[in-house]
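Asks: The primary structure of each chain is shown beneath.
There are 2 protein chains.
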Amino acid sequence: MDIEQFRKAGYQAIDNICDHFYNLQNLPVRPDVEPGFLAKSLPDAPPEKGEDFQLIADDYHKVILPGMTYWPHPSFFGYFPTACTFEAILGDLYASSVPNPGFNWAASPAATELEMVVMDWLAKLFHLSPDFLNSSGIGGGALQTTASDSALIAVVAARSKYQKNHPDIPIEKMIVYVTSQTHSLGAKAALVLGVQVRTLEATTEDDFGLRGATLAAALKEDIDMGLHPFVLVGTVGTTSSGAVDNITEIVQTLKSVDRDVWLHIDAAWAGIALSCPEYHDWAHLKAINEYAHSFCTNLHKWGLTNFDASTLWVRNRRWLNDALDVTPEFLRTAQGDAGTAIDYRNWHLALGRKFRSLKVWFVLRAYGTEGFQKMVRRHVNLNEKFIDLVKSSNLLTLVATPSLSLSVFRLDPVDTTSGERRSRSATADALNTLNVQLHKRLSSRSDVWLTQTSLNGTFCVRLAIGSTNTEEKHIDHVFKLICEESEATLKAEKWLKD
Amino acid sequence: MDIEQFRKAGYQAIDNICDHFYNLQNLPVRPDVEPGFLAKSLPDAPPEKGEDFQLIADDYHKVILPGMTYWPHPSFFGYFPTACTFEAILGDLYASSVPNPGFNWAASPAATELEMVVMDWLAKLFHLSPDFLNSSGIGGGALQTTASDSALIAVVAARSKYQKNHPDIPIEKMIVYVTSQTHSLGAKAALVLGVQVRTLEATTEDDFGLRGATLAAALKEDIDMGLHPFVLVGTVGTTSSGAVDNITEIVQTLKSVDRDVWLHIDAAWAGIALSCPEYHDWAHLKAINEYAHSFCTNLHKWGLTNFDASTLWVRNRRWLNDALDVTPEFLRTAQGDAGTAIDYRNWHLALGRKFRSLKVWFVLRAYGTEGFQKMVRRHVNLNEKFIDLVKSSNLLTLVATPSLSLSVFRLDPVDTTSGERRSRSATADALNTLNVQLHKRLSSRSDVWLTQTSLNGTFCVRLAIGSTNTEEKHIDHVFKLICEESEATLKAEKWLKD
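Chains A and B, in that order, give the protein sequences.
Under the numbering used here, think of the first position of the first sequence as 1, with each following residue one higher.
Under the numbering used here, think of the first position of the second sequence as 1, with each following residue one higher.
Any given hint could turn out to be false.
For chains that are exact copies, the list does not tell them apart, and a pair is met inside one copy or across any two.
Claimed, not checked - Keeping only pairs whose Cα atoms sit at most 20 Å apart, straight-line, the calculated SDA-like set for lysine to any residue is:
| # | residue 1 | residue 2 |
| --- | --- | --- |
| 1 | Lys385 | Glu471 |
| 2 | Lys473 | Arg318 |
| 3 | Lys49 | Glu278 |
| 4 | Lys173 | Leu191 |
| 5 | Lys374 | Leu496 |
| 6 | Lys40 | Ser136 |
| 7 | Lys374 | Glu51 |
| 8 | Lys374 | His61 |
| 9 | Lys480 | Val33 |
| 10 | Lys391 | Val414 |
| 11 | Lys473 | Cys483 |
| 12 | Lys173 | Gly194 |
| 13 | Lys255 | Leu382 |
| 14 | Lys164 | Met1 |
Don't read these hints as lab results, they were simulated from the structure.
A quick note: this is a predicted structure, and the numbers were derived from the prediction, not measured.
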């Protein structure tokens, strides 16, 4: 394809994308297909000779696009929705045209420096301590692919730091702390590194957030047994229910035991809300800023920036360099040798890295602080509408305190005779089975998407709001559907006969 | 930005990218800037209110673009050049418009299935064993971000497999094998996992490739000491000189000792040449297909696909699932539970992953097998031209056998009196110093880029050809510049007085 053919195909791509977004809310959220649908319809080997691009682009629209799940759909309420903005798409488009692996400053000076700048802008947007700024010269931040990567990097750095300070401790004695509500990224980091993991309880009474006393008891127990907890993954806004660990108590506890335990804060989803001062106390920002060794939030979840754009800040960049720097001759540069530039290859697991800062810069400038705040508050307001609907319902109850734009609920109908919720009389298992059936019904629909979770044994359904296109009418619509499917579930499961 | 504003900004982006590529060869390869140049010219915080996109796009062209190193420049000969094709840019553009984190089949069925399909197409393009095909139901392949990621995943899976088969072996007794020529990805994987690494010698006499006897001796020594080598990272096409480990001998050795050692093949750069049958023996493809546990090549290096697009195949997908599967309730799906679909989250370190298969599909269809072969052969031919020029030169000599499109050379002038190369009379240190100076001079130029390496103590300069825009005239030009800078170096270092 030559430059003029690219111009033509590029215009067409832009037009097609416009059409897609005009049409998006009329499409199903997810396709009605079975595993294997696509492989069957494609040849089993690449063509011998190249094909005309028009044919390929047409096939994309005919064969691939209808098989996608549309995460930016206004009725997508599953997992946490992914961000999607035109500014980020344009940022990625421009970045694609200047490909470079960005592993050191020289590989593309502007790519490294723009990343340094936008990470500082973001730290300020989220009101993080100046300790985390790249301009501090000590701490700093880098873009990563996902929160799992960020957590893995934090755990690797924590292990390296701990082993440096305690060279005689065998890895078998070292433990990663997570909670029963920590995202699987905590367990996966431990699995990847082959270290023990201890899951601390986050109780229903504490609204699924870790308390200081639970941590203190575990630390005492493990230390008494000769074990070495070296990192705790604390969460602001868990995936299951948006719970927040009591970071204030956690920091008090960690300070009082003084055992060199790294505190990583995973705020993959909820961190974006730190752009709004009214959530600072809720998120324990003061304690994070005082003590946390590392902090992560994902711009590609709630931060208006298309996947991938995870952020990781550390209070001391040396911890990353100590843990991750391998420099053969072919990777040396004058600037790296002189220490005058950040070589981001030492701030992550791989070597090459994308020019992701461009889309972040586009988004930060196009939306400004006000744009982030407005978006967060709009989604929280939409969730408040949903919460009001649930609270007024005879069918549904909330299972956990709603968190920002996330609600967790279940079917727990009021008994028409007694006027009491059925959870008073039914067994936990029976109610779980009922809700599994409700979720199955909801999952079989292609016009909305909600995912499930289990909160300390209680099966429930999540409603996560995050699409820029979601409006009040979509909340009304999904609530109506949930009620219809609830009624149908009660009938099918013969609960209505009682 | 609304849809019509996006259309306008999108057309403009396409036009600007066209302008950039029309102008590319007139631009310097790399910018003449010092660390800190960009941060100084940007505000130190994001704007309070959003800005007009035209202003942002203009600033990109004024401030950011001139600070980039242009890897697709025809005179970029450093590291390994990164691939850049319009088809891949378009693939990424379309993929950006359907953002999804792709961690399981349901997250976007077409994204998972297209990845399964293109990985099989690629396996066939590179003539890998059918064992590695997704359609085998046993082995399979997935797109990863980089070769470092691929190697780290392979090492994690190898460790998991070894520990499963040998549950009593402590991690302190386990060793990763790399060679003195393995990319830093081997050492970095070991560093990340906190396991020992042993560097096997790849001698100058063996053209920097590992031999079976060296491996056999190391295995015997380590096994006798009670250590457990569990993975060897073998390389087809090292970064320093494009060397190839003698995989045939390595496989013979591993089979004869029968110690459950995982063989990972890192063919990050050279693997693309497997599209041409004439390189199969050179790359020891038969031995790879017979024995290797995992194989990686990077489409974003020589494979016509923009960063990132690394590939990783394994002979048994269970090894990945065993090593990397963590499934909390909120990640369960009907298809995952039923085992009818691949959940790619268990095939890499993170959870979320990009929809990278689209650009790969675009590229494979637009170029076909012929397009890959033509591109590889064209670059190899250009390198042959360069080799001829070096061989006819009184200034330069080759340090290693040239490999595909990579040559490694140094300044080693013929003494006009004796008619012999100066390396016969000068010390190794003196000649190294001379070449460090030559490379410094070359590095201070902005019209070409070549990077350096050290081959068992011999400092040398690399010329790696890989841009789709590089033509004969650029080879002539870079050779002329190298000769000029060589003459200048000899004068400045007072070698010409002798």
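Asks: Compare the structure with each hint and give your call.
Replies: Hints, one by one, checked against the model:
For the identical chains of this complex, Lys385 and Glu471 are intra-copy neighbours only, at 11 Å inside a copy versus 63 Å across copies, given an alpha-carbon limit of 20 Å. With identical chains, the CA atoms of Lys473 and Arg318 are never at most 20 Å apart, being 50 Å at best within one copy and 45 Å at best between copies. Only between protomers do Lys49 and Glu278 lie at most 20 Å apart by alpha-carbon distance; the minimum there is 19 Å, versus 60 Å within a single protomer. For the homomeric pair Lys173 and Leu191, the shortest alpha-carbon distances inside one copy (15 Å) and between copies (18 Å) are both at most 20 Å.
Taking the shortest Cα distances, Lys374 and Leu496 never come within 20 Å of each other, neither inside one copy (43 Å) nor across copies (70 Å). For a Cα distance limit of 20 Å, the shortest separation of Lys40 from Ser136 across copies, 15 Å, qualifies, whereas the shortest one inside one copy, 55 Å, does not. Proximity of Lys374 and Glu51 under a CA criterion of 20 Å is satisfied inter-copy only: 15 Å between copies versus 46 Å inside one chain copy. In the homo-oligomer, the alpha carbons of Lys374 and His61 never lie at most 20 Å apart, since the shortest distance is 34 Å inside one protomer and 29 Å across protomers.
For a Cα distance limit of 20 Å, the shortest separation of Lys480 from Val33 qualifies neither inside one copy, at 25 Å, nor across copies, at 60 Å. For the homomeric pair Lys391 and Val414, the shortest alpha-carbon distance inside one copy (12 Å) is at most 20 Å, but the shortest distance between copies (89 Å) is not. For the homomeric pair Lys473 and Cys483, the shortest alpha-carbon distance inside one copy (15 Å) is at most 20 Å, but the shortest distance between copies (71 Å) is not. Proximity of Lys173 and Gly194 under a CA criterion of 20 Å is satisfied in both settings, with 12 Å inside one chain copy and 14 Å between copies.
In the homo-oligomer, the alpha carbons of Lys255 and Leu382 never lie at most 20 Å apart, since the shortest distance is 39 Å inside one protomer and 63 Å across protomers. Taking the closest pair of Cα atoms, Lys164 and Met1 never come within 20 Å of each other, the shortest separation being 53 Å inside a single copy and 50 Å across copies.
Going down the numbered hints, you'll see the structure goes against 2, 5, 8, 9, 13 and 14, while the others check out.
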